[in-house]
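All chains should be modelled from the sequences, with the hints used to inform the complete structure.
There are 2 protein chains.
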Amino acid sequence: MAGSWVESGKKSDFSISNIPFGIISNDKNHLHRPAIAIGDHVLDLQGFAAAGGFAELKPSDALLSSLNQVTLNDFATLGRPVHRTVRKYIQEVLAEDTNMPNVLRDSSVLREKVLFPLSSVKNHLPMAIGDYTDFFAGRHHAFTVGSLFRGPDNALQPNYHHLPVGYHGRASSVVVSGTALHRPRGQILADPTAKPQRPTFEASKRLDIELELACFVGKGNAMGKPVSVKEASEHIFGYVLMNDWSARDIQTWEYVPLGPFNAKNFGTTISPWIVLADALNPYMTTGIANETPLLEYLQEDPGRTGFELSLEVDLAPLSGPTTTISRTSGRNLMWSFAQMIAHHTVGGCPLRAGDLLGSGTISGLNDDDRGSLLEMSKGGKTPFKLSDGSERVFLKDNDSINIRGWAGGEGASRVGFGHCSGTILPAIS
Amino acid sequence: MAGSWVESGKKSDFSISNIPFGIISNDKNHLHRPAIAIGDHVLDLQGFAAAGGFAELKPSDALLSSLNQVTLNDFATLGRPVHRTVRKYIQEVLAEDTNMPNVLRDSSVLREKVLFPLSSVKNHLPMAIGDYTDFFAGRHHAFTVGSLFRGPDNALQPNYHHLPVGYHGRASSVVVSGTALHRPRGQILADPTAKPQRPTFEASKRLDIELELACFVGKGNAMGKPVSVKEASEHIFGYVLMNDWSARDIQTWEYVPLGPFNAKNFGTTISPWIVLADALNPYMTTGIANETPLLEYLQEDPGRTGFELSLEVDLAPLSGPTTTISRTSGRNLMWSFAQMIAHHTVGGCPLRAGDLLGSGTISGLNDDDRGSLLEMSKGGKTPFKLSDGSERVFLKDNDSINIRGWAGGEGASRVGFGHCSGTILPAIS
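Protein chains in written order, with the working numbering: chain W, 1 to 429; chain R, 1 to 429.
Hints are not guaranteed to be accurate.
Identical chains blur together in the list; that is why a pair holds if it fits in one copy or across any two.
The list that follows gives simulated cross-link-like pairs (lysine-lysine, BS3-like), each with its CA atoms no further than 25 Å apart [said to hold, decoys possible]:
| id | residue 1 | residue 2 |
| --- | --- | --- |
| 1 | K381 | K205 |
| 2 | K225 | K396 |
| 3 | K205 | K225 |
| 4 | K122 | K28 |
| 5 | K88 | K113 |
| 6 | K122 | K225 |
| 7 | K396 | K378 |
| 8 | K396 | K385 |
| 9 | K122 | K385 |
| 10 | K205 | K195 |
| 11 | K396 | K195 |
| 12 | K230 | K11 |
The set of hints was computed from the structure by calculation and includes no laboratory data.
Note that the coordinates shown come from a computational prediction; the quantities given were computed from them, not determined experimentally.
Structure follows, in structure tokens:
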């Protein structure tokens, strides 16, 4: 594909091959509204639609209404054929070599009204999130963390290769990239060997990240109506990067027998721009092999469990240079999102537009490709170095984490997520 | 308190001391709208407000707007002082001995418009539920079930007496009383001793109930701003009964290490009428004693952990008489809802109006006061008898469960929940 007349010379995650959707506001207009990102600009879709920008598409009332909302839930609900048509149309409008009458390229007045520098807008949560579910599909992460706690022979539970293990997370504390979070305080068992066991109340000392990919549900399913693996792709609106911040010391004490709770629910950060399923699906690839024969409802093409996706984690102290502490790959997943959806719904659970499904931590098996500090520091025992020579085991106050991810090349084929970033403020008091 | 001029002679959960809030529609008006229940009638609050019924109260615009919504979220957000004022006003309107100008009692035209027989209305979910959290505060249940799996010496995990253990549940599958549910299908490990372990895909054979009390959050808290035990009561809008249906065979296989998932997310039933905090709080009482010294943020008056609340569970096969299979008490709780809220928010997690917090299963320690069939059948091993002589271990297809609960006496002081009922349909195919 040729480039866009909007793209700058700089390499951008938001090439014309991408066209990710988000919710923005800016100084001139505080109303939250849909937009797409292109190069180092955003196109305000509400303004563009109001100016008749979609006229050539003969848009339905439902589509126009969906672009007039403060979240993308209505747009997501319209279904993948509509998303496909709208994305293609916007690509036409933005293409260097477009042949269609182009009200945007040819009108400086309209460009002024609806095309803003990316740096001038504020991103908001793109969807109203109904339920958030987090899976555990990164087998290398599950194995390494399991080994730390139970040894390599018992690292994975017997169910691990038979079903995509997942749990219900907290939707209310999902925040958009750039939101600062306070270090959580909670119950911690400082000395597990002391009898009787007496937890203390303190700020987490083992504050961690989890690098994840997540999908947003577009089309829902009715209660009692499971979605098959084959149907599932029609239910996926698009993808974001996610940082599932985790307080390991709170988690260790609280998580038996019902799973993680306060160790996770103080905040989960997602990237603001939703990369549509059509943009990312070409990069589906073979993930981590699962040799276990699967029940029929979970059978999937092994070439569709991973993504040919570069993933990086940057850590930046308050002052001091940024260090890329991990470079890993979307190939490090053993279950596809379609399998997660099939499993989630097989007992009848309804998914709704705006539901968020996380992959679980994406890690490789080497020192430099881990998705959590728990792995990088070998269970909190071995510090790793930052580029200024300082060390980390877990996060310090005022550390910022920035997760980045992209597929494709460096030019007009690049499909990236931008930033999923957050700073840890001192503990709440 | 004297009775209401509306109450029938029959004993009713919805006496003038109660005034529970719900969302209704009826044949004449399909719009979902707020109402209260009184005796065997409901008062349509939208219609009543539109007719100027609240004029004497000098209602705020926010109050009038909240009565014009399809859920009670806006009303809940107004806060307990407003709920108190509105409930008292409605009690005045309905009281036998009221002195105030009474447009409802004195106008048959208005009564016809806004006062309907309970049997003529349809109840809907009273709140849009953002997040649903389920706790585990019924110590007797936790102990008995833990004993079944790990023996009495290891029944309770070391954290149990230090914090109200809870997990995030699934909000999208919370349904209102009267909604039928299909038996879920899922992965089940029929023979845990076989090597290698091979799950099968089948309909749950160990389908259970969990009798719970739940609270709805009214006032939320900002992210990073914990709510103390003392403040927590201002955040509680009111209470409902809950049946947390559970597929034990699915649960056993799936729940390690992240907690229950498909075993629970196929459906959770709540009673339709929210008993306001002001109506139920007079029945707070001493619950199950906790001898463990608590961290300061969880310290609570031991007289406020339980409720003087009668709870009963009825089982009715498709044909055949109804059997009351359990009679238990709201005293069987070891953590107060205020403690649950304090713990839930202590790390900074935000609660929002409409969030639902379940108590966990409420059981006694005797054969006839259990809140789950797992306990009644001693781990599924000992059938219990129904009144027609038939037996149950877990639920059969077309069994209906009806949970009831009430505080106070039998007349004008009774504060009850009505029904929390549901029928299990054959497995989805």
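Do the hints match the structure? See the list:
1. Taking the shortest Cα distances, K381 and K205 sit within 25 Å of each other inside one copy (13 Å), while across copies they are farther apart (46 Å).
2. For a Cα distance limit of 25 Å, the shortest separation of K225 from K396 across copies, 21 Å, qualifies, whereas the shortest one inside one copy, 46 Å, does not.
3. Taking the shortest Cα distances, K205 and K225 sit within 25 Å of each other only across copies (20 Å), while inside one copy they are farther apart (44 Å).
4. With identical chains, the CA atoms of K122 and K28 are at most 25 Å apart within one copy only, with a shortest distance of 11 Å there and 46 Å across copies.
5. Proximity of K88 and K113 under a CA criterion of 25 Å is satisfied intra-copy only: 22 Å inside one chain copy versus 53 Å between copies.
6. With identical chains, the CA atoms of K122 and K225 are at most 25 Å apart between copies only, with a shortest distance of 24 Å across copies and 38 Å within one.
7. For a Cα distance limit of 25 Å, the shortest separation of K396 from K378 inside one copy, 17 Å, qualifies, whereas the shortest one across copies, 49 Å, does not.
8. Proximity of K396 and K385 under a CA criterion of 25 Å is satisfied intra-copy only: 13 Å inside one chain copy versus 60 Å between copies.
9. Taking identical chains as interchangeable, the C-alpha atoms of K122 and K385 are never at most 25 Å apart, the minima being 33 Å within one chain and 63 Å between chains.
10. For the homomeric pair K205 and K195, the shortest alpha-carbon distance inside one copy (22 Å) is at most 25 Å, but the shortest distance between copies (41 Å) is not.
11. In the homo-oligomer, the alpha carbons of K396 and K195 never lie at most 25 Å apart, since the shortest distance is 30 Å inside one protomer and 46 Å across protomers.
12. Within a single copy, K230 and K11 get their C-alpha atoms no closer than 35 Å, and across copies no closer than 54 Å, so neither meets the 25 Å cut-off.
The earlier numbered hints that this structure contradicts are 9, 11, 12.
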